[in-house]
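Engineer: With the sequences and hints as input, model every part of the structure.
The residues making up each chain are set out below.
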Amino acid sequence: MWNQIEGAPREELERLQLRRLQDTIQRVYHLVPFYKKKFDEMGIRPEDVKTLEDLKRLPFTTKQDLRDHYPFGLFTVPLDQVVRIHSSSGTTGKPTVVGYTRHDMEVWIEVMARTMAMVDVGPKDVVHNAYGYGLFTGGLGFHYGAERVGAAVVPSSGGFTKRQLLLMKDFGATILCSTPSFALHMAEVAKEDGYDLKKDFKIRAGFFGAEPASEGLRQALRDAWGLTYIEAYGLSEIIGPGVAAGCLYGHLHVFEDHFIPEIIDTDTGEVLPDGTEGELVFTTITKQALPIIRYRTKDVTVLHREPCKCGRTLTIMESVKGRADDMLIVNGVNVFPSQVEHVLTKVEGVTPNYVIVLDKKGVLDKLEVWVEVDDRTFADGIGALEQLKARLQQEMLNDLYINVRIKLVEPKTLERSMGKAKRIIDKREAEGLQK
Amino acid sequence: MIKKYGIKQLSIFLENRKGRLLEVTKALKDAAINIRALALAESAEFGILRLVVNNPEKAKSVLSSAGFTLREQYVFAVEVPDEPGSFYKVVKVLSDADINIDYTYAFVGDSSKAVLIFKVPSERLEAALTALDKSGISLVEPMFFYD
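Chains as they are written, first to last, in the working numbering: chain A, 669 to 1103; chain B, 16 to 162.
Think of the hints as simulated: they come from the structure by calculation, not from any bench.
Zero decoy hints are in this set.
Chain A side only, calculated, beta carbon under 7 Å to chain B, not exhaustive: (1) D1043; (2) V1077; (3) K1080.
Glycine included, every Cβ here is placed at the ideal spot set by N, Cα and C.
Structural biologist: Following this line, the structure appears as structure tokens:
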């Protein structure tokens, strides 16, 4: 255990949570007009929050709220106190922006160090970090956590599978950080290239997150690499990775001395009791730059408040079971169908009708968008149509941060064969994991 | 010149899907439309079928109501002796007049003549026709194709 608080008696933890929650409420009420307005409208004064129970009376915050205050409207500090800015793609057009003060970075590094400590990562370890470095919080989040526990970090980022394998082998990597599907992809490429995974590599544990993973996929990774599978959960709006981490008993513990979890009914917003499935909501209680009250993650899961054999008293969340909205996760990147639609409305030559087809290419996700050529602007030329395709692919990459394959189809074919509602065909389930 | 020599061509967008060409040709057959000249351009995923027919207006309405994406635009045709060098002469005239050819296709008219169809950028069509006419190349009137 990295920090004693992870195993503290609940009363002690809850006292700490309440004090921090009250401070956070004061902070947002007085520093962010958005929160003041919301609280005032609901007739809530910061002083009204007297117990943790009172949290449920507070208003929710949504991704739309972040978007409406793009880029820094919900920050409580001026930019000169911000030392890091990350961003993820938004639901349409504008990205979601998050900021960190020096103190926030310390919180993030602390929770990532706790994550690393789940398998006692330390100075003797070489951490191969294949999460994407850049605006995505995955890469840098794991990087700083691994450095904090004294490991040697190899910041390989994503892609270039063969080079990654070479470095992992030659540098003697003991810990792998990546999306589960990329780890499986690496295993398959390694086998094809004649590596003996267990002899040539020393990977003892892996930190996997950013996308859902079935038990089949987890087992496939344990078998292929001979590693201990540690689940990592997080989202940039709350802090990035490090919101919760899996222990050796396979329980995902929420670091709730920093982030208070709740489960609500998605439709009514009502708080649901432990053990009940619903939408996960987080309130950050130590962040400065972008504290967030009751953020609706749209992730569907279940919470359990019971002590774990690992010694932690922290709330356990089950692995995310699904989404309360239509968000898709493609190779660890969040994609909303509304983003696809937004791109189509910007580009002349196609109709706003589309079908998203998700499939596997090997073990990695492949996203294809079928788009109708517009009757009125149909250009009579292969070159012009190929250009249209290339332009759409470029715009999708800009807005969605992923490579999308565009397939041009004849107008009116989509409604005819699919019906309006059926915009997404996900062929990924139950594939690629049989081996 | 466009009025006199412009020939209406239909371009039809086709997904590379089994049976798609069959559907176009069936729609035309059922409407008793005769195809006078055709060319098919293709990429990996889709194709464009270009047709000159005996009744473009009717073909257009038949294909549109059958749900095909199409575009009508002007091309022009020249008749040349069916012998070496004829195509060269026409292309040379266009080249000298600084006119780009978008695409061209051809068919043999009778035993001694060939008909070449050209698509040039629409803003250069008039210039192309003028240049060809001046150089004595025989332009084909639409009546040759239409009923």
